[in-house]
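Could you build all of it, start to finish, from the sequences and the hints given here?
As numbered in my numbering, residues 1 to 241 make up the sequence shown, in order.
No lab work stands behind these hints: they were computed from the structure.
Hints may be right or wrong, so weigh each one.
To be verified - Pairwise CB distance ranges, derived in the manner of DEER restraints:
| no. | residue 1 | residue 2 | range |
| --- | --- | --- | --- |
| 1 | I216 | V99 | 46 to 52 Å |
| 2 | N189 | S153 | 41 to 47 Å |
| 3 | I194 | K136 | 28 to 34 Å |
| 4 | R156 | A198 | 25 to 31 Å |
| 5 | S64 | I213 | 54 to 60 Å |
| 6 | S193 | D69 | 37 to 43 Å |
| 7 | S170 | S53 | 24 to 30 Å |
| 8 | V99 | H138 | 16 to 22 Å |
| 9 | A201 | V82 | 33 to 39 Å |
This structure is a prediction, so every number in the text was calculated from the model and none was measured.
We treat Cβ as the ideally placed atom computed from N, Cα and C, and that holds for glycine.
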Amino acid sequence: MGGGLVRLVTSTVLITNAAPGDWIIRSFLYEVPWGAGLGGMTIYLIGIAQTISQSKSVSGWLPSPTVVDIVGILALSAPVLVGIPLSFAAGAAAMKNDVVTAILLIRISYMAWFVWVSSISGSILYATVRLVRILKAHHKRHRRTSNYAAVMSGIRKIQFLAVTFALCLSGFAILLLLYCALRDQILVNKAGSIFAGAAWAFMGSTATLAAEISVIFRQIQIFISKHIQVNIDGSYNIVLV
Numbered sequence: 001m002g003g004g005l006v007r008l009v010t011s012t013v014l015i016t017n018a019a020p021g022d023w024i025i026r027s028f029l030y031e032v033p034w035g036a037g038l039g040g041m042t043i044y045l046i047g048i049a050q051t052i053s054q055s056k057s058v059s060g061w062l063p064s065p066t067v068v069d070i071v072g073i074l075a076l077s078a079p080v081l082v083g084i085p086l087s088f089a090a091g092a093a094a095m096k097n098d099v100v101t102a103i104l105l106i107r108i109s110y111m112a113w114f115v116w117v118s119s120i121s122g123s124i125l126y127a128t129v130r131l132v133r134i135l136k137a138h139h140k141r142h143r144r145t146s147n148y149a150a151v152m153s154g155i156r157k158i159q160f161l162a163v164t165f166a167l168c169l170s171g172f173a174i175l176l177l178l179y180c181a182l183r184d185q186i187l188v189n190k191a192g193s194i195f196a197g198a199a200w201a202f203m204g205s206t207a208t209l210a211a212e213i214s215v216i217f218r219q220i221q222i223f224i225s226k227h228i229q230v231n232i233d234g235s236y237n238i239v240l241v
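In structure tokens:
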């Protein structure tokens with residue numbers, strides 16, 4: 001939500017050509033939206049990692065909750081402590097007509113973002129695989145319980161969210177790497193610029209929309225399981241609570 005609002009402000013600044021020549025402000029506004037989105041996905045990863053760290057029914061190495069907290073804080077703060085200063089420095093260099101330094105700082109910023117995004121993407125997939133194994137192993141012994149279907153539905157939602165976030169972050173990481181290596185070629189190519197701009201603008205929004213649909217669909221499933229009973233003959237009973 002916060003990232004979307006900042007992106008709206010950024011688009012308004014670009015369309016109205018506000019603060020022309022103030023590359024510091026423009027660089028900052030360009031940097032923040034994805035930082036907010038990555039922060040949200042990082043918090044999701046921390047939640048999964050904390051669940052795994054407190055599990056008593058899984059073999060293999062497990063991080064302690066303290067380690068999870070420390071790594072999570074570093075993952076959340078790195079884009080702010082490193083990315084934004086690089087963005088400010090690149091904007092300041094551009095305002096001084098130091099194009100070489102500005103481009104160098106921009107490329108360093110993109111490489112740093114590539115490392116962060118790739119790490120979070122891989123970590124989400126790895127943590128989700130371990131969490132799903134824990135949940136399936138735990139509930140394998142309770143197939144006949146009334147909440148088994150709800151548990152499996154929750155597992156599928158976790159898998160869907162993980163794949164959605166990982167695809168979004170992986171696509172963004174590839175775009176960052178391409179833009180870092182081929183920035184000049186992309187800027188002078190109209191089709192390449194449109195594709196890169198559209199991907200940059202809509203990947204995060206698409207991932208957010210998919211996550212929201214998943215949550216809504218889950219709530220619908222819960223409502224149906226509570227209020228609609230399926231009989232053996234295929235008929236339905238509506239239960240009013």
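Of all the hints numbered above, which does this structure not satisfy? Sort the numbers upward. 3, 5, 8, 9
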